[in-house]
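According to my numbering, the sequence shown holds residues 5 to 274 in order.
There's no promise every hint is true.
List of simulated lysine-lysine pairs, DSSO-like, C-alpha gap at most 27 Å [as the list claims (entries may be wrong)]:
| # | residue 1 | residue 2 |
| --- | --- | --- |
| 1 | LYS153 | LYS198 |
| 2 | LYS153 | LYS59 |
| 3 | LYS249 | LYS130 |
| 4 | LYS233 | LYS93 |
| 5 | LYS245 | LYS96 |
| 6 | LYS57 | LYS249 |
It should be emphasised that the hints constitute simulated quantities derived from the structure, not laboratory data.
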Amino acid sequence: MKPMDILNRIESDFSAYLQQMSREDLPILNRIESDFSAYLQQMSREDLPFAEKGKEKLWFRIYRTKGKRDFPLKKVAFMVLDYGLVWNKDDKTALDDDELVVGCFKTIDELPLPILALEASMHIGKYDHLNIDLFPIVRDQRYKDTFCKPVQALHKKYTDLPDVPPGVITPNLPEGSTSGGMLSGNFDASLRDKTMPWWYAYLDMYRDFLENRDTYPLLKEPAIIEEGKQIRTMFLTNFAKSSPKILSDIPNLNTPERGVQLGELMFLDG
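Full structure from sequences and hints, please.
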């Protein structure tokens, strides 16, 4: 048995305790990892320091498939800002204390489930910048009915909250590339007891799709699988190209080289 296999076995056996001990200051990441532990514990995990200056620290946690037969996930990546100074949305001369989690879940090529992409940027004591969606990778109407309409219904459920935009914000994204129910907005921090359950509901929906993947005959159709491969690649490539914008909001840690590397680590197969 390889040393890494031994470590993985130990972590799996003691996961209930280790999850409570690891990085208590990162409740969002801990919550996601706990909710998806049945999958993440079967993947390899790598923590990568990315950028640091004074108290500001940015790092990656990347889960990759071990190539097990019929295992649904190919890669799950998180970018985490433990603490950093991020530009304020209204005053571009002001930097806010911030904590940030960005994530991307993608399935294996043979399983054309939507791509889950998420962002939670907490401008401490001011507002939360939240983005999350299940991005479709097949244009077939049956696919949209199955995987987009539930997301749209989830979005409508919370439209009475303040600061919920009337439409879906799709910066740098072509028409039809979102579910039509993207959560995207800046919300006063006092609303967190309402906005975060809404945000987590998108993760719950994705997990339900993942757990019930074998009940969707549509996902096994060769034409659907092939289209999913093509659109997934195009989508993630476009996301990687636009990802330097994320880092530009963290000026003390931003460089052009890091912007490119961020996109590769988060969205591509690196």
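Now for the hints, and whether the structure bears them out:
Distance restraint check for LYS153 and LYS198: the Cα-Cα separation of roughly 22 Å lies within the 27 Å cut-off, and the hinted pair is therefore satisfied. Restraint check for LYS153 and LYS59: the C-alpha separation of about 43 Å exceeds 27 Å, so the hint is violated. A threshold of 27 Å between alpha carbons decides the hint, and for LYS249 with LYS130 the separation of about 21 Å falls inside it, so the pair holds. Between the alpha carbons of LYS233 and LYS93 the distance comes to roughly 36 Å, so the proposed pair goes past 27 Å and is violated.
Our distance criterion of 27 Å between C-alpha atoms is met by LYS245 and LYS96, whose separation comes to about 23 Å. Straight-line distance between C-alpha atoms of LYS57 and LYS249 comes to about 19 Å, which keeps the hinted pair within the 27 Å bound.
The structure shown violates the earlier hints numbered 2 and 4.
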